[in-house]
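Protein sequence lines, in the order shown, are assigned to chains F and P.
Residue 452 in the working numbering is what sits at position 235 of the first sequence, and the numbering runs on without skipping anything.
Residue 36 in the working numbering is what sits at position 30 of the second sequence, and the numbering runs on without skipping anything.
None of these hints come from the bench; they were simulated from the model.
From a predicted model like this one, the values you see are computed outputs, not experimental measurements.
Check before you lean on any hint, since a few could be wrong.
[Stated by the list, open to error] Covered by chain P, according to a simulated footprint, are these stretches of chain F (three or more residues, beta-carbon under 8 Å): (1) 280 to 288; (2) 410 to 420.
[As the list claims (entries may be wrong)] Cβ-Cβ distance ranges computed for the label pairs, FRET-style: (3) ALA17(P) to ARG278(F): 30 to 36 Å; (4) GLY169(P) to ALA373(F): 52 to 58 Å; (5) ILE170(P) to THR375(F): 55 to 61 Å; (6) GLU272(F) to GLU32(P): 28 to 34 Å; (7) GLY279(F) to GLY169(P): 48 to 54 Å; (8) SER430(F) to LEU172(P): 58 to 64 Å; (9) VAL241(F) to GLY55(P): 25 to 31 Å; (10) PRO57(P) to ASP433(F): 49 to 55 Å; (11) THR177(P) to ARG278(F): 43 to 49 Å; (12) VAL16(P) to GLU272(F): 25 to 31 Å; (13) VAL241(F) to ASP33(P): 34 to 40 Å; (14) ILE170(P) to GLU222(F): 19 to 25 Å; (15) ASP433(F) to GLU32(P): 41 to 47 Å; (16) GLY451(F) to GLY55(P): 35 to 41 Å.
Note that CB positions come from ideal geometry on N, CA and C, so glycine has one too.
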Amino acid sequence: MSCVEIREQLPEFAVGVLPEPERVAVERHLQWCAGCRKEASDLGAAVATFAYTLEPAPVPRGLGDRIVSRIRQAAGAPGTSRRTRASAALAIAAMVTVAALGWGSAMAGRADRFADQAAAAEARREDAFQRFARMLRDWVPIAQLPPDETHMGQLAPTAGHLGGGAVLQLVSPTTLDFTIVIVNGLAKDPAQMPYRVTLQNAAGDTLRVGRISGLDSAGGADVFRQFEDQDLTGYTTALVTNASGEVVLSGTVDQSAGP
Amino acid sequence: MSSRHNGPLVAREEQKLVEGLLAGNEDAVRALYARFARPIFTLGFRLLGSPEAAEELTQDVFLTAWRKAARFDASRGRLSTWLMTIAHNLAVDRLRRETGVTRPRLVLVDELPEAPSADEEEPLMERDAAIRALESLSDAERRLLARAYFGGLTAREIAEADGIPLGTIKTRLRTALIKVRRANQDKERP
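This is chain F alone, in the form it adopts within the complex:
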């Protein structure tokens, strides 16, 4: 959409009633258009003014203490418990293991030589993506994962290397962002390990997702990381490097679309 069309939508966007397809289009546009972003910011300020005019409701006693406690816990303050996060992480890790069972067969198509086999492999891969997304939505206990906050990408081998994989990210305004990386067919050469999985943004900033110190019989592994203080917006490049620092798998997550 053009800036003119976007600006026509901005009042409803600012008020929070722009229907889903248009809202997503506006959000995408605002990611790169500074002029429209300024306009959206100004209209948003006006809307916030409106919210302030409400007759104040009595705030429950102790709410401040509960909020302080939650933020201190989230920030990892000494003496706080991370049970909630750990539970979420464990549930997701278990789910990834289950998902990987189907993933192994899907990725086995990488060696297929014939077009029909490649097409079948692609179909299985797509099926795996869909299953992956469904399982995430069904199992992640912290919240339902809205499709527009769940993004996927494929990892392809660089020249001279083997394997493949997939990346799934949750980039959400309401829950902790996370990344799941599933690889398969990596070389089991001990000299190559450990593999490291990272994310990069356009500015070259790098986030560590995890390391792979062991592979299953199919050269596969799963890496999961939930980011407690990091917004994953813009971290769309996923890289798997070997012990020598060579990139063996790379791919791009399409954060502009859901799975």
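Start from chain F and add chain P according to the hints.
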């Protein structure tokens, strides 16, 4: 960390508070809470319809603000705007997920914003300023904004209900917001 409880914060103070929030600094969290918990809770109560939901929303707003604190830039917008936008978005998201529809179905508050009562113990300066800003609007403009913001009605739904062209509603909505924005800018000029 300390900050004045009354009076608007300057950008530098807002940035410092948010940096404290990011670090999990208790004083910073309490300072933010003292200033913003009530309007956030109030908005949640009006939109979600229960004190329990409003409390949960208020907690989520502060937690989300902590998560996104690194992205806050006081030179690009007010802290109050940022927090209230988070609050409204979270409330809308919650309603959207609970109802399974692609647009919010907000609890309809069929009333216009009221003037503050004279005996309110701690009148919020933000609220006073907001009410003054809304004085720049006609009743029809205030009602239009209320139907969208509190009622969750899209421009198309308002247009169909009133038998008015969609473009006219969009224009009126935009005009109303620009009037409020100008009133805010006039207020901030020395």
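Which earlier hints can't be squared with this structure? 2
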